[in-house]
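Asks: Given next are the chains, with one letter for each unit.
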Amino acid sequence: MTDTESKALQAKEKSELTSATEATRPGPTFTPSVDIFETDKALTLLADMPGVNPKDLSIDLKEGILTLSSHVASQEGPEELDVFREYQTGTYYRKFNLSDIIDQSKIEAELMEGVLRLHLPKIEAAAPRKIEVKAG
Amino acid sequence: MIFRKVSNWPTWNWQSQWEEMERLRRQMGLLTEGLAGRPSTEPSAGVFPLMNVTEDKDNYYVRAELPGIKADALDISITGDSLSISGERKIPEEQENAKYHRRERESGKFSRILRLPSQVDTNKVEATATDGILKVMLPKSEEAKPKQITVRGE
Chain L
1 MTDTESKALQ
11 AKEKSELTSA
21 TEATRPGPTF
31 TPSVDIFETD
41 KALTLLADMP
51 GVNPKDLSID
61 LKEGILTLSS
71 HVASQEGPEE
81 LDVFREYQTG
91 TYYRKFNLSD
101 IIDQSKIEAE
111 LMEGVLRLHL
121 PKIEAAAPRK
131 IEVKAG
Chain Y
1001 MIFRKVSNWP
1011 TWNWQSQWEE
1021 MERLRRQMGL
1031 LTEGLAGRPS
1041 TEPSAGVFPL
1051 MNVTEDKDNY
1061 YVRAELPGIK
1071 ADALDISITG
1081 DSLSISGERK
1091 IPEEQENAKY
1101 HRRERESGKF
1111 SRILRLPSQV
1121 DTNKVEATAT
1131 DGILKVMLPK
1141 SEEAKPKQIT
1151 VRGE
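Keeping their order, the protein sequence lines are chains L and Y.
1 is the number of the first residue of the first sequence in the working numbering; add one for each residue after it.
1001 is the number of the first residue of the second sequence in the working numbering; add one for each residue after it.
Certain hints may be false.
[Stated by the list, open to error] Below 27 Å or equal to it, Euclidean Cα-Cα: the simulated BS3-like pairs (lysine-lysine) are:
hint : chain 1 : residue 1 : chain 2 : residue 2
1    : Y       : LYS1135   : L       : LYS7
2    : Y       : LYS1147   : Y       : LYS1124
3    : Y       : LYS1109   : L       : LYS7
4    : L       : LYS7      : Y       : LYS1090
5    : L       : LYS7      : Y       : LYS1099
6    : L       : LYS95     : Y       : LYS1099
Calculated from the structure, these hints are not laboratory results.
Chain L with its partners taken away, still in its complex shape:
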């Protein structure tokens, strides 16, 4: 990743999710692009979710399944008419299966310029406990 100098960004349409479960909200559902990396202590997830307001974002971790979802409110005012449209807005939704046990109480989430940064610390391995045998 050191050759970023010469690289140009390519236009990419958001990938639309087609699932068996029916959405109750009208409009398309997109899967956000993510980076997930792991260190010895924690798992970090970065997700591109432009247009997401922190109060609309829901992050849920239950039984090892992490779910990210957020609705994106329309940015346009009521008087505005389309000239042309290259991207759509809708709901962001993505699920991950986490193999590590996460310390739920220490999860941190931050949303900056439409990028979510989720810090998921792993539970510290239980310290080995020595069992003393008492002589009777």
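Please build the complex by placing chain Y on the supplied structure of chain L, with the hints as guidance.
Replies: Showing chain Y alone in chain L's frame:
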């Protein structure tokens, strides 16, 4: 005489073929719009960032999704009816020992120029960035604004 007739045939030069293609494409677009039940996206210019352009009677609004790009990292300029947006998306390196499970987010430079349907008042253009969405408001120039014509009865 035959030669004349042939040359009077609708000119099949590259330009008219292009127009024909464009017409067909629009009709297909209308068709898919009807089937999907929602407006289909216009075939994009294929240049990052993808943009949505809207208008009301006074302004044009250009919006682009630019997650993770700070407002000061953007270079926006306007000349006449051409809006130019360029910048670079940087994704900082994480810790040395980080092992990746997914790496889908992309970084790199971009630059795009957009021709607006009419002239705009270049002095009053405003740009704001919130939640990773850039919004540029471009007031239409006086000549481009619709005029209300009142009909007077005698």
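Asks: All hints, please: hold or fail.
Replies: Hints, verified against the model:
no.: 1; hint: LYS1135(Y) with LYS7(L); result: holds, 25 Å
no.: 2; hint: LYS1147(Y) with LYS1124(Y); result: holds, 20 Å
no.: 3; hint: LYS1109(Y) with LYS7(L); result: holds, 6 Å
no.: 4; hint: LYS7(L) with LYS1090(Y); result: holds, 11 Å
no.: 5; hint: LYS7(L) with LYS1099(Y); result: holds, 23 Å
no.: 6; hint: LYS95(L) with LYS1099(Y); result: holds, 20 Å
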